[in-house]
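Taking the hints into account, I'd like the entire structure generated from these sequences.
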Amino acid sequence: MALWRATRVFTPARASLFSRSYCSDTVNLIYVNPDGSEVPVKAKKGENLLKIAHQNEIDLEGACECSLACSTCHIILPEEIYDQLEEPTDEEYDMLDLAFGLTETSRLGCQVEAQDVLEGVRIQLPTATRNMAVDGFKPKPH
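The sequence shown finishes on residue 142 if you use full-length UniProt numbering, and the numbering steps up by one all the way, no holes.
By construction, these hints were calculated from the structure, which means they are not laboratory data.
Treat the hints with caution; some may be incorrect.
To be verified - EDC-like mimics (lysine to aspartate or glutamate), calculated; alpha carbons at most 20 Å apart, straight line:
id, residue 1, residue 2
1, Lys42, Glu119
2, Lys44, Glu119
3, Lys45, Glu119
4, Lys45, Asp35
5, Lys45, Asp94
Stated by the list, open to error - Quick list of the computed label-pair ranges, beta carbon to beta carbon:
id, residue 1, residue 2, range
6, Pro34, Tyr93, 28 to 34 Å
7, Asp94, Asp25, 28 to 34 Å
8, Asp94, Ser37, 27 to 33 Å
9, Gly46, Pro78, 19 to 25 Å
10, Pro34, Asp90, 24 to 30 Å
11, Glu65, Tyr93, 26 to 32 Å
12, Asn28, Thr105, 17 to 23 Å
13, Thr26, Leu85, 30 to 36 Å
14, Thr89, Val117, 15 to 21 Å
15, Pro40, Glu91, 26 to 32 Å
16, Leu98, Asp25, 31 to 37 Å
All figures in this text were calculated on a predicted structure; none of them were measured in a lab.
The C-beta atom is built at its ideal place from N, Cα and C for all residues, glycine as well.
What follows is the structure in structure tokens.
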């Protein structure tokens, strides 16, 4: 008497289901402009939120070009997401103290990297920054 054993076949089609949901190297983010308009973007994991904003032509300044010397890339995250991220460094806290419209869930975009926990997050941009340029100049990324 032969024993038949059911086997599952793992096909490439099934593999793509797993890779899309669990092994993707990107996350979906939504930047919310001060006027309330939303800009959905696909972000590569490991890149900081300032760089991602610049790649997608979102108006987030970054005057010091990620050197942690200003607060112009100030962003506001939802509390449930903020609590899941690593604690900001003392240097980041020092710069955040200079940010316009500081909240309990404020971070610097140059210090937060895209990661799984950010999937679908709404990143609020503040209404103003403390850019010290008196002529209204906003630096553009290189």
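(request) Quick one: which hint numbers does this structure break? Sort them smallest to largest. (result) Hints 4, 5, 6, 11 and 13 not satisfied by this model.
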